[in-house]
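S.K.: Now for the letters of each chain:
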Amino acid sequence: MHPVIRLVNRNLTISLNKGFMIWQVIFPLIYIFVGGFAYTALIDSVSYGNKTLGYPAYIASGMIGFNIMNSALVSGIIIWNDRRHGMFEQILVGPFTRTHYILSNVYTIGIIGLISATLITAVGYPLFFESVEFNFLTMPLLVFASVVGSILFGSIASIISTRLKSSEGFNVVINTVFLFFAFVSTAFYPAEGSPVPLSIAFYFNPLTYLVDVVRAGIFGNFDTFVAIEMLVLVTLTLTLFSIATKLLAKLEL
Amino acid sequence: MSCIETKSLSKSYGVINAVDDIDLSVNNGKIFGFLGPNGAGKTTTIKLLTTLIPPTAGTMKILGIDAIRSPLEVRKKIGVVLQQPSYEPTLSVEKSLEKYGMMWNVERKLRQDRVEELLLSFDLAELRNIKNDELSIGQRRRVQVAREFMHDMNLLFLDEPTVGLDPSARRGLLDFIKDKAKDGLTVFFTTHLLNEAEYICNEVAIINKGKIIAVDSPEELKNKFGREKTIKIHLDTIRKDLSDLLIGIKDYELDFNSGTNITIRSNDSEEVLLKILQILTANNIVIEDLSAIPTSLEEIFLSVVNKSNASSN
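Each protein sequence line maps, in turn, to chains A and B. Read in order, the letters of the first sequence are residues 1 to 253 in our numbering. Read in order, the letters of the second sequence are residues 1001 to 1313 in our numbering.
The hints are simulated quantities; they were obtained by calculation from the structure and are not laboratory data. Any given hint could turn out to be false.
[Stated by the list, open to error] Using 27 Å as the maximum straight-line C-alpha spacing, the simulated DSS-like pairs for lysine-lysine come out as follows:
1) Lys-250(A) with Lys-1061(B)
2) Lys-18(A) with Lys-1131(B)
3) Lys-1030(B) with Lys-1224(B)
4) Lys-246(A) with Lys-1076(B)
5) Lys-1099(B) with Lys-18(A)
6) Lys-1222(B) with Lys-1131(B)
7) Lys-1076(B) with Lys-250(A)
8) Lys-1077(B) with Lys-250(A)
9) Lys-1222(B) with Lys-1250(B)
Bound conformation, chain A alone (with noise of 0.2 Å):
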């Protein structure tokens, strides 16, 4: 088996506890289920494209990628804990090279990005399944946001993890930041219709395109906009990825 194949066992093995599942799954599905609905009687419909969206339907395809952007957050924890507990230094004192613990952590989110994102997807499915338009770029769109979405937001968290090295530091980071992503974003609600500051501000967070990629894939709606979107999201996926690899590689044992 090749070396990054086992590393990426290894990943899966420690991530995937009870505490992350439900992480994963039951915190998007209160969002759903519950801010969904109850935000109804505040938001009843969202114009979104030529099409009027239920208020549970816009928040369960913001979800997905939220979601993507929460299984990110793996790729900051399994080397931060990595650090922290000797892992790291074991690891590389064993039959691997950083690029082999690099590429692992990419795969692990790349495939913790894409079950999540099909989580989702299904538990959602029942509140937006009235305005979905399946065409041929619906599932290429899905699977591009949840692989260049995990990369992205991964890298996010794997800088985090590499420049700060009290736990309380890496807590405090990384949820406001994520925080700010997860927020200031049109995971939630559309931007059209905020005040100018804040729906800008929408547009400085790679949350808001990786959601607007996700709906277009759902909705059918994919133009001009969205493939600008897309090549944002892979130009600061690369960017980040870049950093991320740079400050791993120079890590210090």
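With chain A's structure known, arrange chain B on it following the hints.
M.R.: For chain B alone, kept in the frame of chain A given last:
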């Protein structure tokens, strides 16, 4: 054949030479002890030999492989227990052994057999379902060492493996390593506990301030550096006048703890003893007890390190 061969191996951090121009040669099937005070360069040497960090200068061959050019090839053939703890907090003891075997590409059936074997050998069977996070420091250390025997290797590096272990677990581990060495495994072993090195090692090197200051078998080191012997004489009564009686005799100390104790420490202990015995007999002083203390590796270590410190100062 040499398992480890280094020539002028050095590692510097700025102006600090953590490892300074060391030449090492460790033969196959030996347990090689690497001793030194804190900060002497032991862990840095292990990090160099296990290819975790690159040297600043010098060459090293591990198992006949150029470790600077082909570090991965070396790492595939060695086992390493680092000084710092390493564990997967969310995995149980059994699962961490099993996964570690998987990481080393050990075939599934063999992995299962080895897990059972090691759980017994390291007295971990009762802890098999306990998560690493819930173990004591000593138990975790046992898992860390046991884990390394999940895979095959030709050379094992152990950086203070007995830290945190109780005396019985420590002895168990040392005997386990001895048995493995009998089967042909070469072991590079660092420790602060010199009685451990004396118990287990065929050969020891002493490192101080990044330099190797002595290399030999524990017995040969004793012969070379351990000429000074300690002899103790105990008298039942307190004889404060002894210092006057023993005037002119060197290399002895007096204390009056539960009687009178005369401790001789000298390269010519027997000669000093004879002189003291003559004086005691002449003054009708009765000896309650007389004992000679064999030179330990610890005394040699302290003596060699102190001499090295004195000469470098």
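S.K.: The structure should be examined with respect to each hint, and the outcome stated for every one.
M.R.: Hint-by-hint comparison with the structure:
For a cut-off of 27 Å, the pair hint linking Lys-250(A) to Lys-1061(B) stands: about 25 Å separates their Cα positions. With a C-alpha separation of about 14 Å, the suggested pair Lys-18(A) and Lys-1131(B) falls inside the 27 Å cut-off, and the hint holds. Among the hinted pairs, Lys-1030(B) with Lys-1224(B) is consistent with the structure: their alpha-carbon atoms are about 21 Å apart, no more than 27 Å. Restraint check for Lys-246(A) and Lys-1076(B): satisfied, since their Cα atoms lie roughly 25 Å apart, inside the 27 Å limit.
Distance hint between Lys-1099(B) and Lys-18(A) is fulfilled; the C-alpha atoms sit about 19 Å from each other, no more than 27 Å. At roughly 45 Å between alpha-carbon atoms, Lys-1222(B) and Lys-1131(B) are farther apart than 27 Å, so this suggested pair is violated. Taking the CA atoms of Lys-1076(B) and Lys-250(A), the gap is about 22 Å. The hint holds against a cut of 27 Å. Note on Lys-1077(B) and Lys-250(A): the hinted pairing holds, with a Cα-Cα distance of about 25 Å set against a maximum of 27 Å.
Among the hinted pairs, Lys-1222(B) with Lys-1250(B) is consistent with the structure: their alpha-carbon atoms are about 23 Å apart, no more than 27 Å.
Violated hint for the displayed structure: number 6, the only one.
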